[in-house]
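Enquirer: Protein chains in written order, with our numbering: chain F, 1 to 279; chain D, 1 to 230.
Hints are computed from structural coordinates only; laboratory data are not their basis.
Do not rely on the hints blindly, as some may be mistaken.
To be verified - Going by beta-carbon spacing under 8 Å, a handful of chain F positions derived as facing chain D:
1. 151
2. 152
3. 156
4. 159
5. 165
6. 167
7. 168
8. 180
Claimed, not checked - Each pair of labels, with its calculated beta carbon distance range:
9. 217(D) <-> 254(F): 57 to 67 Å
10. 96(D) <-> 53(F): 18 to 28 Å
11. 4(D) <-> 79(F): 26 to 36 Å
12. 217(D) <-> 251(F): 17 to 27 Å
13. 209(F) <-> 72(D): 39 to 49 Å
Predicted, not measured: the structure shown is a model, and the values here were computed from it.
Note that beta-carbon positions come from the ideal geometry of N, C-alpha and C, so glycine has one too.
Below, each chain spelled out in residue letters.
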Amino acid sequence: MFVLTLLLVFLAACGSSEPEVLRLATTTSTADSGLLEAILPEFEASHDARVDVVAVGTGQAIALGEAGDADVILVHARSREDAFLAAGHGTGRYDVMVNDFVIVGPADDPAGIQGMATTQEALTAVAAAEAIFASRGDDSGTHTKELQLWTAAGITPDPNSSWYKSLGQGMGDTLLFANETGAYTLTDRGTFLSMQANLPNLTIVVGGATIAENGDPALLNPYGVIPVNPDKGNINDELAQEFAEWLTSVDIQEKIGEYGREQFGQPLFYPDSEAWRNR
Amino acid sequence: MHILVQVFQNAVQLLFSFDPELWSIVALTLRVTGFALFFAMLIGIPIGAGLGLMGRIPAAGCLLPLIYTGMGLPPVVVGLCVYLLLSNQGPLGDWGWLFTPSAMILAQTVIALPLVVGLTLTAVRATDPMLHLQLRSLGATRVQLAWTVLRETRLGVVAAIVAAFGSIISEVGAVMLVGGNIQGETRVLTTAIVLETRRGNFALALALGIILLGLAFVTNLVLYGLQRRD
């Protein structure tokens with residue numbers, strides 16, 4: 001009888017604490033940098049919820065949102081975010097944080113771009129020297145940004161040329177490729193800093209040592225959070241809205257700004273929500 | 001449900017658009033898998049036949065489990081080892097093979113080899129020992145003996161080749177690591193499928209999957225024909 005009671009109590013406990021699930025589709029940079037791991041447990045505890053993180057390229061994260069396979073997306077490709085909203089897939093877009101891109105390359109710098117202030121000059125020099133350039137080539141936020149930078153420089157790189165390598169892989173793989181082959185590549189600063197120990201042949205050639213020293217505004221990389229339109233069905237809209245509100249709140253913004261300071265001597269992301277700017 | 005139908009329709013359309021890039025991916029896939037299979041057969045069939053014909057395999061208790069484990073080698077582990085071998089800091093870094101089709105062929109050969117050895121060995125051991133005795137008494141040399149037994153066990157050898165082919169043409173972990181999925185250079189069908197899925201281009205990914213299945217089917221049709229031919 002005692003055992004039975006215990007069992008019932010146990011089962012009842014299981015039933016009542018079954019947490020709600022929030023499906024978050026996001027980019028590899030937020031997951032690989034360790035940021036989500038650092039902040040999400042607090043949300044899970046305070047909202048009695050479990051967050052399932054799907055870390056993919058921005059292209060797939062947006063596709064997951066469009067298909068209703070995610071409740072909320074956290075991505076960084078402004079033009080595509082706007083298109084996502086315009087098509088009615090999301091209920092609103094909220095600024096979350098900013099980091100920046102840098103161009104990294106081999107220390108011997110075959111294209112001679114070290115210290116150039118703008119990517120426009122640097123990419124023009126890379127193309128002129130036909131120095132190897134590794135492109136993500138995967139429709140990710142970083143890839144989208146890279147293509148915009150080439151367009152701004154008035155160059156259309158041919159993926160079948162000998163110097164422009166379109167990999168179709170994640171940021172980490174692309175950095176390892178550049179490290180092995182002596183290639184230049186565009187990366188977000190956070191991923192580069194977190195992997196720098198394994199990339200002995202690469203240094204930052206354009207973008208400066210910190211975000212404050214980055215002289216090219218085109219390299220800023222804003223992240224937005226978008227709750228998916230509940231009309232798609234099976235969307236946990238309430239929790240998604242709460243998540244967006246939580247992520248942009250001053251408390252969490254402060255935590256985002258602290259993340260990475262200890263390990264890398266500088267934050268990997270800078271808080272930039274409306275609430276943070278108006279605090 | 002209708003999304004699946006739509007994706008499938010797009011896939012079929014893409015198949016018949018005969019995009020040159022698509023066909024270069026198909027050609028590279030066949031080249032890499034073909035060479036890897038060829039090398040695995042060249043090395044693996046003689047080893048398998050040799051071991052199978054031995055009355056008692058030396059250190060069989062250790063060697064056979066080793067071969068059978070090799071038959072299930074995880075491709076990513078093979079890829080990782082080949083990557084470390086060929087990397088700048090690795091012992092074979094000077095070859096400059098990393099992120100080239102040669103590296104992919106090397107990795108797939110390593111994956112296919114234990115399959116070819118193991119299944120050939122099993123097939124040869126299953127033949128009638130009386131046949132070996134008879135052939136020896138007729139004065140056959142070791143090579144003649146092996147050749148005759150292999151012909152006799154054609155079914156098993158073709159099964160070995162089919163299994164090896166199936167495992168490497170559908171393999172993605174190793175070729176992604178050592179090839180790098182470079183457009184126009186090292187992108188094969190499986191790595192292209194991963195990429196297009198990540199990009200959310202499900203129709204294109206499915207079209208590539210259909211081509212991959214088609215290739216495997218045609219190849220197996222040819223191999224099945226070999227098996228039946230007398």
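Enquirer: State for each hint whether it applies.
Expert: Evaluation of the provided hints:
Look at residue 151(F): its Cβ only gets to about 19 Å from chain D, farther than 8 Å, so that hint breaks. A hinted interface residue such as residue 152(F) counts as satisfied when its beta carbon comes closer than 8 Å to some beta carbon of chain D; here the least separation is about 22 Å, so the hint is violated. Annotation: interface hint on residue 156(F) violated; nearest CB of chain D at approximately 15 Å, more than 8 Å. For residue 159(F), the interface hint holds, since its Cβ comes within 8 Å of a Cβ in chain D; the closest pair sits about 5 Å apart.
The closest approach between the C-beta of residue 165(F) and any C-beta of chain D is roughly 5 Å, which is under the 8 Å cut-off, so the hint is satisfied. A distance limit of 8 Å between C-beta atoms decides the matter here; for residue 167(F) the minimum to chain D is near 6 Å, and the interface restraint holds. For residue 168(F), the suggested interface contact is upheld, since its CB lies about 4 Å from the closest CB of chain D, less than 8 Å. Among the interface hints, the one on residue 180(F) holds; its C-beta lies about 6 Å from the nearest C-beta in chain D, closer than the 8 Å criterion.
Between residue 217(D) and residue 254(F), the C-beta spacing of about 58 Å keeps the proposed range 57 to 67 Å intact. Residue 96(D) and residue 53(F) have their C-beta atoms about 38 Å apart, which leaves the hinted 18 to 28 Å range violated. In this structure the supplied range 26 to 36 Å holds for residue 4(D) paired with residue 79(F), their Cβ-Cβ distance being about 29 Å. Taking 17 to 27 Å as the suggested C-beta distance range, the pair residue 217(D) and residue 251(F) does not conform, at roughly 58 Å.
Residue 209(F) and residue 72(D) have their C-beta atoms about 48 Å apart, which keeps the hinted 39 to 49 Å range intact.
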